[in-house]
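2 protein chains.
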Amino acid sequence: MHLVAIGGSDAGISAALRARELDPSVEVTVVVADAYPNFSICGIPYYFSREVQPWQSLAHRTHADLEATGMQLRLNTFATGIDVAGQSLTVRAENGVEEQISYDELVVGTGALPSFAGIAGLGTLGPDDGVHVIHSMGDTFALDRHLEDRDPKTAIIVGAGYVGLEMAEALTVRGLQVTQIQRGPEVLSTLDPELGALVHRELTDHHVEVLAGTTIVEVEKHAEGLVVHGHQHGEQISRTADLVLVVVGVRPNTDLLERAGATLGAGGAVVVDEAMRTGLPHVWSAGDGVVTHHRLMGVTYLPLGTTAHKQGRVAGENALGGNVRFAGSVGTQVVKVFDLVASRTGLRDHEALAHGFSPETVAAVADDHKRYYPGAQPISIRITGDTGDGRLLGAQLVGRLGTETAKRVDTYATALYAGLSMEQVSELDLSYTPPLGSPWDAVQVATQQWTRTLQAGVHA
Amino acid sequence: MHLVAIGGSDAGISAALRARELDPSVEVTVVVADAYPNFSICGIPYYFSREVQPWQSLAHRTHADLEATGMQLRLNTFATGIDVAGQSLTVRAENGVEEQISYDELVVGTGALPSFAGIAGLGTLGPDDGVHVIHSMGDTFALDRHLEDRDPKTAIIVGAGYVGLEMAEALTVRGLQVTQIQRGPEVLSTLDPELGALVHRELTDHHVEVLAGTTIVEVEKHAEGLVVHGHQHGEQISRTADLVLVVVGVRPNTDLLERAGATLGAGGAVVVDEAMRTGLPHVWSAGDGVVTHHRLMGVTYLPLGTTAHKQGRVAGENALGGNVRFAGSVGTQVVKVFDLVASRTGLRDHEALAHGFSPETVAAVADDHKRYYPGAQPISIRITGDTGDGRLLGAQLVGRLGTETAKRVDTYATALYAGLSMEQVSELDLSYTPPLGSPWDAVQVATQQWTRTLQAGVHA
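Chains as they are written, first to last, in the working numbering: chain W, 752 to 1211; chain X, 752 to 1211.
In isolation and in its complexed conformation, chain W is listed as follows (with noise of 0.2 Å):
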């Protein structure tokens, strides 16, 4: 049994990692395009703030690790073609030649792409130009030189999610001056404006220029520097600096699995059902590129780490015959910016209203612990259930670092998982002493706030 995985990241190495694990008589072969399995793309901001040092420490498991359970690396080694009849690979070595790799089942991690958004000029400017993006230890080294060989003194950040905005504080503590566009109404565009604008204050405290609302068309060099170009409410807008970092979000990487014959679906993603696989024989798939099952919104497109660890397990196991399913998402995510996490689970309002939810949602506030007891700070909440029959559709927070913020709103992501409603959050049985809590917990106070709100509602 030869279980041969593609790609370095989170999904290829899950699969391959669950595989060993499962059976010690399986061979694995990981086909690596780069030096650098399973590195975790997650932490290279923290790379760049200086935090986290020597690069190497960023991989989630050495080399050594990796081979000491038992499976084989091909680094530096590119998938060029699936031959599924015949069950080959063929791959592309650093050297160009090229090699058939047989295997009795396949999983392929090939991940996702940095997108560009239609901004023309990023189609020739490189980071040679200083233009950069920030997806692979390969763009780490070139943003990394930048820096330490050209000393820029400004650096403009298109895009403001979880990246950009891990980036903004990175070259901010970096001495550089940062000037961060987003072009929906408020940053991190994926939690609701009113708290977006908490995360954009926390920027401005600490001297980014923050631009929202504003559509970046063009990025130019010029002798002084590099320009971007766009509009904002109308207007024409320009920006000259000595770096361009583009975190515009992914598109999945298909490429392979698409000539191979798979379908593709949501978000142009690769389809797959629950047990990761994509309905070509012996052929399995996980991570970024391919659809991701939510448990609210069905068959979605949502690349996340978490998922992708938790789908590639899964196709590892299935694919030496195992009986496992993807249990979904809930789309549960977290970013530090500075001293402020910003989080949120399940649905906002917009989203179950498009999946057929009777939305409402509330916003809260609530201390993170008892008032009395020094350095207690408010969180703020916004919480969505459902009008029909009060079930919890999701709910986003912001405090501060500190607060508990992050596993906070996974009291939440459980209670979605188990599909509980407002009132059975509120009669939740969680921890209390008052450095670090409440009788009602913040989490609590939200769901009663919601219930409050409803009954006035209904009242009025």
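Because the hints were derived from the structure by calculation, they are not lab data.
Where hints are given, some of them may not hold.
Said to hold, decoys possible - Stretch by stretch, here's where chain X covers chain W in the computed footprint (C-beta under 8 Å, at least three residues):
| id | region |
| --- | --- |
| 1 | 786–794 |
| 2 | 799–810 |
| 3 | 834–845 |
| 4 | 1075–1082 |
| 5 | 1087–1094 |
| 6 | 1123–1136 |
| 7 | 1181–1193 |
Stated by the list, open to error - Some chain X residues judged to face chain W by a derived CB distance under 7 Å, without partners named:
| id | residue |
| --- | --- |
| 8 | GLY794 |
| 9 | LEU1053 |
| 10 | THR1057 |
| 11 | THR1083 |
| 12 | VAL1085 |
| 13 | TYR1123 |
| 14 | TYR1124 |
| 15 | LYS1158 |
| 16 | ASP1161 |
| 17 | ALA1164 |
| 18 | ALA1166 |
| 19 | TYR1168 |
| 20 | ASP1180 |
| 21 | PRO1185 |
Stated by the list, open to error - FRET-style restraints, in silico, Cβ to Cβ:
| id | chain 1 | residue 1 | chain 2 | residue 2 | range |
| --- | --- | --- | --- | --- | --- |
| 22 | W | GLY1049 | X | VAL1116 | 32 to 40 Å |
| 23 | W | GLY1000 | X | GLU772 | 42 to 50 Å |
| 24 | W | GLN804 | X | HIS958 | 30 to 38 Å |
Every residue, glycine too, gets a C-beta built ideally from N, C-alpha and C.
Using the hints provided, position chain X relative to the given structure of chain W.
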């Protein structure tokens, strides 16, 4: 409609607040034995550590806040008898004058009293002698006077439960040399001794002398100070100190309801159903004086502030004709001891066994966040599940302050409420960002470890 609540702590006030919230036309009177309604008894140790000043800050709500809700407070008024048939309460005011208060519905929240665990001398020695308990604001003022006026240098704390540990920290912060005495083999006996040992080390690291496995049988007052006598591993032991604090638990304060004809049950507490009915017509009860409905253990006695709040709310609503039920405790608890946080929810191995489960408890250690990001700290977890159906039965966690241990236990508490299995907890979509978590959260590292251990056992 006149609702009378007895007790100014969590249960009584919660009942009164809920009644006023539901129906502002209801007349609500709260009979409070002292002058300090709605004080956070859980916060008292932080008054002694001087983190909370002045003592008035310990009020959840001020007297004015409470009156603004429309409830009447009868302070320094002691309830002496209930005429159930006549729906009348006898109270004694501070001046000794007795009075009848007629009620339509009565909620009794008389709480608990400090236990003395049969230690000789505690019946006669009191605050003036330097022997203290800490259960009310009156106790607090007495201990405060002792510390201020007599400047004690040494303290013996008999008991190493939540309050005992918090007071060990507080008195150490105040400069006293503290000896902490625990009857059981390890401090914080509500956790497995393997985790209690971590708390023990935290105490000794902060120069608290810890005597575990030590039973105190007598306290005496001598010229040179207070002397406690006991035995440790069969040997006689004595210690002398300027101050003795006895915090060995509580017993339900049932006198009033017992004389009115209520039934006593688990732990000597008043039997109530999940609607908080005592069985006596128009008499409800909630809080530390009544039995606790536990979702895994059935009816037990587990007095906790969080539970009292929830039960009081149920009693207040049902007294007004509502039809709600206390959903049940899962025994979630957390305590901060110096820089350590110790928490638990659900059942430990021996408790699960005693309640008909087939438990297996597994230990795991997992970092609170990615190790490459600065400040990662291990969280020690012991997790208990049923070997028959794989259901999660309980979890205990000890981690340093800042590791979000308090809210990680809430994920388990939510899973317990929903009856999730270990494998389902492993499937949860929990939040991840490198500074605050891992792709598989610590919570899931433990459940995966449990599953692996069981499978290894099956294969063995």
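Hint by hint, here is what the structure shows:
With 3 residues having a beta carbon nearer than 8 Å to a beta carbon of chain X, the region 786–794 of chain W meets the requirement of three or more and the stated coverage holds. Only residues whose C-beta sits within less than 8 Å of a C-beta in chain X count toward coverage, and the region 799–810 of chain W has 4 of them, enough to reach three; the restraint holds. For the region 834–845 of chain W, the proposed coverage by chain X is not satisfied: 0 residues have a C-beta within less than 8 Å of a C-beta in that chain, short of the threshold of three. Residue count for the region 1075–1082 of chain W with a Cβ under 8 Å from a Cβ of chain X: 5. That meets the three needed, and the coverage hint holds.
Counting residues of the region 1087–1094 of chain W whose beta carbon lies closer than 8 Å to any beta carbon of chain X gives 3, which reaches the threshold of three, so the coverage claim holds. For the region 1123–1136 of chain W, the stated coverage by chain X is satisfied: 3 residues place a CB nearer than 8 Å to a CB of that chain, which reaches the threshold of 3. Here the region 1181–1193 of chain W counts 11 residues with a CB under 8 Å from a CB of chain X, which clears the bar of 3, and the coverage holds. Hint on GLY794/X holds. Least Cβ distance to chain W is approximately 5 Å, under the 7 Å limit.
A cut of 7 Å between beta carbons decides the hint on LEU1053/X: the least distance to chain W is about 10 Å, and the hint is violated. Here the hint on THR1057/X is kept, as its CB sits about 5 Å from the closest CB of chain W, short of 7 Å. Interface restraint check for THR1083/X: the shortest CB-CB distance to chain W comes to about 5 Å, inside 7 Å, so the restraint holds. For VAL1085/X, the suggested interface contact is upheld, since its CB lies about 4 Å from the closest CB of chain W, less than 7 Å.
Against a cut-off of 7 Å between C-beta atoms, the interface hint on TYR1123/X holds, since the closest Cβ of chain W lies about 4 Å away. Interface hint status for TYR1124/X: upheld, as the beta-carbon distance to the closest one in chain W is roughly 6 Å, under 7 Å. Look at LYS1158/X: its Cβ gets to within about 4 Å of chain W, closer than 7 Å, so that hint holds up. Checking ASP1161/X against chain W by beta carbon gives a least distance of about 5 Å; that is within 7 Å, so the hint holds.
Given the 7 Å rule on beta carbons, the hint for ALA1164/X holds: about 5 Å separates it from the nearest Cβ of chain W. With 7 Å as the threshold, the beta carbon of ALA1166/X comes within range of chain W, its nearest partner Cβ sitting at about 6 Å, so the hint holds. The criterion of a C-beta within 7 Å of any C-beta in chain W is met by TYR1168/X, whose closest approach is roughly 5 Å, and the hint holds. Because the beta carbon of ASP1180/X sits about 5 Å from the nearest beta carbon in chain W, less than 7 Å, this interface hint is met.
With a least beta-carbon distance of about 5 Å to chain W, the hint placing PRO1185/X at the interface is held under the 7 Å criterion. Checked against the given bound of 32 to 40 Å, the beta carbons of GLY1049/W and VAL1116/X, roughly 38 Å apart, stay inside it. For the hinted restraint 42 to 50 Å between GLY1000/W and GLU772/X, the CB-CB distance of approximately 45 Å keeps it satisfied. A C-beta distance of roughly 36 Å is found between GLN804/W and HIS958/X, which places it inside the suggested range of 30 to 38 Å.
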